[in-house]
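*Asks:* Line order of the protein sequences matches chains P and E.
When we follow numbering that gives the first Met the number 0, the leftmost residue of the first sequence carries the number 0, and every step to the right adds one.
When we follow numbering that gives the first Met the number 0, the leftmost residue of the second sequence carries the number 0, and every step to the right adds one.
Rather than coming from a laboratory, the hints here were simulated on the basis of the structure.
One or more hints might be untrue.
Unchecked claim - Some chain E residues close to chain P (C-beta under 10 Å, calculated; not the full set):
{"hint": "1", "residue": "V17"}
{"hint": "2", "residue": "L60"}
{"hint": "3", "residue": "V177"}
{"hint": "4", "residue": "E236"}
{"hint": "5", "residue": "A237"}
{"hint": "6", "residue": "R238"}
Values in this document were obtained by computation on a predicted structure and should not be read as measured data.
Heads up, the beta-carbon is just placed ideally off N, CA and C, and yes, glycines get one too.
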Amino acid sequence: MNFPSRTLDRKVLRFRLITVLTAIIVMTVAVMSVSVIAIFDRAIAPELENRTRLIGNNVRTDIQRIIQVGIPLESIGGIENFLDQAVAPFPEIQRVTVLSKSGEVIAETFREDIARSAEKGIVASIIAVKATRFSLPIIVGNSLQGEVVVEGSAYFVETRLRDVVLDVGVLSLVVVLLGVEVALMHAASAVWKPYGRLLRLLQEQRAGRFGLVARPTGLGRLSGAIARLNEQTLDLVGRLRAAAENLRPDPSGITRGRPIRLRLSDIYDVRLVMLLYIFGAEITASFLPVYGARAARPDWLSPEAAAVLPIGLFLVGVAVLSPFAGGIVRRFGAKRVFVVTSLATVIALCAMGLARGIFSIAVARGIIALLYALATIACQQYALEADAEAQEYEGASGGSASAAYFAMLFGGVFGGSVVGGVVSSLFSYQIAIFLGAVIVLTSAGLAVVLMEGRAGLAMHADTQKSRLLWPSLGRLVRCLILILAVAAPLSATTAVVVWYLTPMLLSASGHSASEIARVVMLYYLLHVLIGPASRVISRVNGGAIAAIVLGSLMAGAALVRFDISAGILGYSLAIAVIGIGHALIRTPLLTLVVELSGAAVGPVNVLRGAERLGGLLGLGGAAIWLGHGAAGISLLWLGGLSAAGGIVFLGVSVIISEEN
Amino acid sequence: MQLFWRIWLGAAGVIVAVAILLVTLVTLQFSREYSRLLGERLLVIGTNAAAHFVSAADLGLPLSSVRNAAVFLDIPRQTDPLISSVRIVDADWNTIAAVGDGVDPGLAVADIDLTAAENRQGWYRTAETDFISGIPIFGPDGGLAGSLMVSYPSTIGRERVLAMLSELALTSAIFVAVAVFATGLLLRIWIAGQIADFSSVEDDIAQFERRVWTLSDQAGAAREQADAPALSVMLAEARHAYLDLSARLPHDDDLREDKLEP
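If we strip away everything but chain E, and leave its shape as in the complex, we get (with noise of 0.2 Å):
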């Protein structure tokens, strides 16, 4: 039974792992996607307040000249109130206007990579506690003028995460404690031939302890069986070659020099 034991308990190891593998993977993946989506919404919301900033822009006006830029600022706040901030900065990333509070855009973005694509139509990254989408605004000679940026709490989307997380692990486990089950039975049933064959092996060398226990001769048995001797055959023959040799030497009290020279 012990060799079934440790079979099974391998084979719940290889279920866990693909439990946990599948549980990682969405997991990732469903994060990268809400990400996504979010920073995708942000974009849009982002562009329909930022009109009125490119327009300046496109003028050639800086984008400090434009008046009640809160107000500007507050629309997306109408249209999703967990936007935690919007603000307008200039090509240096100093604040010219803002609506809500935020971490420090200078802070957040400093360490920002932006790729060819991204400095032209937008972009969103998770900075410290924000999630922060940038909609680039450009002058009329096509250098960047300012962007404007709406932050929204990353703290939501990591409670939606480990709500998910939490979620998918519980059912997992269930398929698994299922899964880990049924494989205990399948093995059992299947493999029944290989535990029996080490159960017999196991046997044999019991049978053997046994014999030497109680004293009994198995010289006779093993040379009834000599062909294809049991295990505890060949042992039993071990010790008689082994007690054969001890026969010619002398005991270990033998040895002893008290009893050498008396």
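Looking at chain P on its own, in the form it has when it is part of the complex (with noise of 0.2 Å):
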């Protein structure tokens, strides 16, 4: 088949869009957040001024009348406790001292923990914030006694806003996310699909075939040029309507009756149908487990297992209708089971929003699960379909489908673990979760615009089985160490670590929830960026082990060291190890798995069930485990685990290689 010279490249344009978009983006919020600390400051502090002479009229105030009463300044004894009454109520003093009339020290309380937090004050002291002072003469009678001086904390406004720039700043990539799916659908409405109906036409008609009109749209020459072709269709078909009769022979290739309607199937029909409809589902992730652990529950549950109970029942339903999902995928078209079930979805989170007792909020998650297994694969499937039409009509792909599949998955979840923990911080758990409502009741309407064509519609049978040969004996082992040592204990990480641990532990010292969520999102955003660069290993000869083995094994390095007493940063630190790792699996284990099993539906479905498993048995340690006040055993657990079984795969890999 011929195909003109010049085809139109989406994985460059999408590539320089999204560095050009990141770099600009990073680079002005890093400068807003400049200009914003400086209007923030200048606004706040009248405000700040007003409490610190406040306190200096205090003091003061009670200074002068221990003085009136006839004690000597220099004589009052416990006034360092009083200062330090006087300033609790101020978290930006930094410090009050008491003069005496010769300028000598009487007490002094000084804060070292905000001074300490200062000395982090980068922005401030790049824009020169003054700390406000304010000196108040302590006067008894006509004389001057001493002098009372107040000092407030220079960096208090930027310790303030850390938690907005961050905010900021991980929501503008979310920000950029959705920007650049957006424009790129957007390209593929304008650009490519039309592009691509136009090619279709034309090798139709240049065979003869007359009988197939596409909708006249495009940007430019596009839509004039589809629309020549319409005519060229319309006026055959339309004349060998009127003359049938006193036509012999019939000229062949010409539709009798009403030309059909051309409909193309194209991954960016779906690309940000699913990253909204997973952003919006997943838009509890970051806060499910403290969300359950403050439900109404029983006496006999503990908040522990309350807090597992939803994240629980959501692998449930995933591992339940895996293995069936595809065939009623199949059976129903890709299209309506995702409008179905995302409406279905928009339901259960109003529901899951109004539920006050921990059971309703579980069931609710519950339904969830078993809906977003249907969603997300009504996606796949329509991505794959979508990407084979485009392969076959214009030999250029948009990507391969299960790239964009796991692109927009993680997307979709850092998304929604971003937004849910800032919305929730700000608001209030329910309106995050109406929030995630609302944005999955958008994917369901881009869907009903967007998807058509073959590929949202119902299979044959005859299209629908695939070829199911066993595999030899070698592989098979192969495949089941790879699923019971590699995947499972990384399915039981991500459950344990990610969605339960984190949250829970984090919510218990005092963090919140934007601050759990800028910690969870981490692994995501890790399988974002690092997801592509896996892809590319793994097609190398022995990549695919490699990048299996030291992902596991930096997974179980990350799991053994971690301090779950450790800080804010720590937990940072330990995630993105932990993402990282499981990043450089993840796309490896698929293509793997698939390849060990020759490609049989069978061991994927087996895959997807151990996954869940692996990840119901690690949570149920975990909550009995953090229940007994040990949250560590279960991490030292997962640790010593995804480290083995990264050996036992490689140490099985080599010898049976060898043996063959």
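Relying on the hints, combine the two individually framed chains into one complex.
*Replies:* Quick look at the structure:
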């Protein structure tokens, strides 16, 4: 088949668009943060001054009263205690000093913690924020007795704004992610899809077949060209119909009756749809256990177990439906399944937001899991079909369907965890969940408009059954080791560390939902960033095995070294290393399982089942250990299992490949 | 170029969205932080003013028994003249004594849910037109004997927030303009290849259209580039196929009644 010499390269455009946007946004946010702190500081200064003056005034009034009684300033006892109590309600006051007439220090309270945090005030020192400082004279009768000096922290505003700046930082990454997808969807509907339709019509008409028409849309001259080809078909079909009786013999190639509307499917129809769906459905990603632990529960259920319940039911739901989802999607068609499940997800999310008891929350989450499995597999199916169709007609694909699937999956959870964390910390958990419902509803609306063509339709029985060839024993053993020793610990680690322990432990040590979200999102962000690299590595000979072993060892080491009493930075580092390790494992894992099992459907389903089972077992253990105040033990176990799994897999791969 | 404008527009949308996000979050944070700072200050002012009433309540005396209540209530207004009213209320929010004019506390706090900590240590809320902070006063049995409430006009806080918002919005607008311009420049250079690809597709179509208008033959060109034909050649081939079939069909005009049956 012939294709025009110039195709429209999507991958390069996507890569460059992402690079330019990310660079610009990062710079803009950095520069704007500095100006934000300066503006915020100016705006809040009058109130800070009022507070500083008030505290100085209070201290001075009390000292004056004591001096009036006849006690000299130098002889007043316990001033330090009194000063400590006076500054207690004002976290921004760094130092209060009482000086005698001669300038000698009588008493002083100095807050080391504030002074220490002040050392980190990088931005404030750049823009030279001045500390508020007040000096109030102590006057009794007509004579000056001394002086009270109150000093605020110059970096108070910056410490207060650090959260905001970090929130804006991660939220802008989400905006970039969404923005790029919207821009690409737009490009697809304005350029790539019309171009594809034009090529398809040309292909038909050059072969003398005139039976298809297409929507005459597209940028520039594309719409005109499609309209011209439509006219040619309509003219011939119309004239054939009018002259049908008088014409012998029939000119072949012209459709009798009405011309058929050409609808092409494209990966870009489903990318944004899937991203938004996962975004909305996973809006609870960073706070689900905390939300569960706070819900009303019966006395016999411990808070740790209550926190595990929604996550556990989610895993059960996904595990139960995954083996059947593919069949259901093929039976009813990807578009129909997606639209129905996403609408049902909206209802389930609303129910979860309104629920008060732990059981209704867990059941709602379980139902969302069933719908989630169906919806994501519908998207995956659509992407696979659209990719096949694009290859068939254009010779150029929009990028591999599985790459798109992984990018949208982790991009969606990343966005959901960030936005859920920030919104729940600003407003409430309920509002975050309702926002998730709105986002899912948007994805359903987009799916109705965007998903079109063959990929969204039900498939005939004969195209459904893939070949089921049993692989050799060696391959089967490696496949099983891979699933049990690598996939199960991976899934357990995700469920235990990322979904459960991190939110629970950070929340217990007083961190806000948005701080937790920033730690949790790191895991998914690294999947988005490292995922493409691990795809490249796994294509190299032996690269897949190397990536899996390296990833398992990294995750294992991070888990063994995980210090659950660490601060937010310690958690971030551990989650980041685990994220890199898992990102290295995931793509090669799926590729290898498919490869080793000879592309049979069974082992992939076993993989999914074993993963969920591993997750469930890990969660159960973690909840019990956390209940006994020994969360660290579950991490040690997980770390040991991850590292050992990697080593066992390496050994088995070496032995079996040598035997072969 | 149309493709470039569209992509630039999309990129500009992303930058504007980030800026709006930043301005919104910072404003929300400012509003929260300002309320907190003001509320804490009013609590300290109120606690100082409530000292005499606390002494009375400790002895089990009703708060209304404190003489010269108005004088004590006037002390906070000397600390900050913007304080609109200070009042002392009993456990049922009925005013015992008041200085200045603010909203009726019974109305203002009717729908406030206080947490246990707030019930003990004091609270602050924005209610209708006033920002109110309340200091609970307890009797000897530990039960609530009444509260001292300090009101501050909420317009002052709102003005501060709006002033900050406008300054922030203006600064952000300038940054956004610069960033959008820079993105345009970068994109113009970086996706020049993709724009050229699309332009060449357009040129191909234009070339074909021109040939149709000028009735020049394209079949020769088509055969020369059979391996990887340009779009214009493919269009020409499709047109040839159309003309071939068209020639074998009667024209619309031929099918009219009057022509078929003279």
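*Asks:* Next, verify each hint and record whether it holds.
*Replies:* Hints, one by one, checked against the model:
{"no.": "1", "hint": "V17", "in the structure": "holds, 4 Å"}
{"no.": "2", "hint": "L60", "in the structure": "violated, 24 Å"}
{"no.": "3", "hint": "V177", "in the structure": "holds, 8 Å"}
{"no.": "4", "hint": "E236", "in the structure": "holds, 4 Å"}
{"no.": "5", "hint": "A237", "in the structure": "holds, 4 Å"}
{"no.": "6", "hint": "R238", "in the structure": "holds, 7 Å"}
Checked against the numbered hints above, the structure breaks only hint 2 and satisfies the rest.
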